[in-house]
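A.B. asks: Each chain, written out:
Protein chains: 2
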Amino acid sequence: MSIASTLHPPSPAVVDFASLRSMIAARLQVLLPGPDESPQRLHGAMRHALVGPGKRLRPLLTLLAARRFGGDEAAALEAGCAVEMVHTASLVLDDLPCMDDAELRRGKPATHRAFGEDTAILAAIALLNQAYGVMAALPGVSDTVRLRLVTLMVQAVGPQGLVGGQERDLHDRHGPAATSDVDLLNHQKTGVLFVAALEAGAVLGHAPEEGVAAMRRFGRHLGLAFQTLDDLLDATATAQMAGKDVRQDGGKATLVSLCGLEAARRRVEEHLGQARREVAWPGGPACVLETLLDEMTAILPFPPGSAALPRDGQHAG
Amino acid sequence: MSIASTLHPPSPAVVDFASLRSMIAARLQVLLPGPDESPQRLHGAMRHALVGPGKRLRPLLTLLAARRFGGDEAAALEAGCAVEMVHTASLVLDDLPCMDDAELRRGKPATHRAFGEDTAILAAIALLNQAYGVMAALPGVSDTVRLRLVTLMVQAVGPQGLVGGQERDLHDRHGPAATSDVDLLNHQKTGVLFVAALEAGAVLGHAPEEGVAAMRRFGRHLGLAFQTLDDLLDATATAQMAGKDVRQDGGKATLVSLCGLEAARRRVEEHLGQARREVAWPGGPACVLETLLDEMTAILPFPPGSAALPRDGQHAG
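Note that the protein sequences, when read in sequence, are chains A and B. The opening position of the first sequence corresponds to residue 1 in this note's numbering, with each subsequent residue numbered one higher. The opening position of the second sequence corresponds to residue 318 in this note's numbering, with each subsequent residue numbered one higher.
No wet-lab data here; the hints were simulated from the structure. Some hints could be false.
Stated by the list, open to error - Under the rule of at most 35 Å between Cα atoms (straight-line distance), these lysine-lysine pairs were calculated in the DSBU-like manner:
1. 108/A - 252/A
2. 108/A - 425/B
3. 252/A - 55/A
4. 108/A - 55/A
5. 252/A - 425/B
6. 372/B - 425/B
Chain A with its partners taken away, still in its complex shape (with noise of 0.2 Å):
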């Protein structure tokens, strides 16, 4: 079968994101549980992490990524919301006075602030059992299917994953590193999940192995672009304007620490650039992804090139 014969004919990549994102709002309240189910307080704490506004990338990429190759939207919103579970998991956990002790998460009190580490721990580790359930559970697919996606979370979330990842990042970052070391944790704290986002749109919608193969690679860098523009807004913007916490990575190695604002800068548009080559294949029409990676451009903080990112020739390297 020919990669090209399994892709929807060119479309004008119209993709109403306002409506995806009040679409991917609405599932993830009706996959947790009811406010006024006991334990309330746990239940509390998981819609405070979960819900409100957020940019909702993993599941627009899943739901994008199903769409490019044409699959059932019902089972990937649902996948999609499941990715955004264990990531909301992951920030609860990174919040803690343990590890990055934040105040700040987008825009309201970080979880144990509201409700005290103990339930914040507890509501983190719902999510993400959660998370596994709805994958376990995704409409209208085979078992096989459910099973892959189950396991391709754990793969996302282990050792070699967000939990390695944190692990690094809090033990062995205070050294000297190489910026192939920060690549590395920068993958394992951001690019897992992209790719696990679009490998569970891509298989989803049925794409052949190559095509869950470039969706992998596209989010390797999606993820490693994202990470950076994060260390960059992180050293340059103002908790307002963040919506979180920023100066946490002080005395940590970053792109931006090793190399400076601007050689950061750089990464970030030529994995940018990448990422945009790999939604091209196998070349051709304009794509569902294409119009993410457009949209990303206007929702990240510092668009690469624009005026707002500041370009201070610090070059460390």
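Starting from the structure of chain A, add chain B where the hints point.
C.D. replies: Leaving out everything else, chain B in the frame of chain A:
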């Protein structure tokens, strides 16, 4: 199909618990990332929490339930180890300073005392995540069975299971309580994972649904007996005897605080009796799980009716 026809012929019910425990310990080692794999600190914390002396009751339950119905022991060993990982993850979290603030666990420093709170939390997540990975890859069974066991574990961990039980334990247990509230809490904190372990074994043993249901009831009674014994232990033993911190229940409602030691002891005996009736189902042959009840009586710190169990006549009601 009659239930009796699915059972092995009456066996002499000789179970070599020491060799089963050795098999479990060896398999747990294999299922963890190697100690030299990066990030080593994370993997060290996972091993610290999981490896070492332990009663391994939950994997024993899975193995013996599978054996009772004649199922494949390779898959049951793996599934039992997954349940043990979930149990261990819950212990690591329960011991955190923001929860029970324990110093000792299984006779060693609690994981956060040895590795710091941040790494302990990440190790707990990694163990939980690995448990899902193990369930999703059980050898020699269909994807549908794997998925059933993943789902079963999601229910055991979630807001109506371990996570909800711990939340209630921390925040809903200091006012007046009825014994039924304490039973619900004890079931969520302990029973659900006994039930999951037994159900997994029964499913892997190809038990008929009524056999699975009997195993669930057995697990519920066993869990209630076990948690009440744990409360008795907390009230009466020394840390050295228990291998963990004691007097952790001060101020919390337990069957001991509500009804006194003697009534709590009687409840243990009643639940063990009901458990015994469930494994005798459908009535008749000596069975490996009855052997486990005898074994439990030997390994539990205060076997019902033993002289070691204080009888102080403290009746609150």
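A.B. asks: Looking at the structure, which of the earlier hints fail to hold?
C.D. replies: 2
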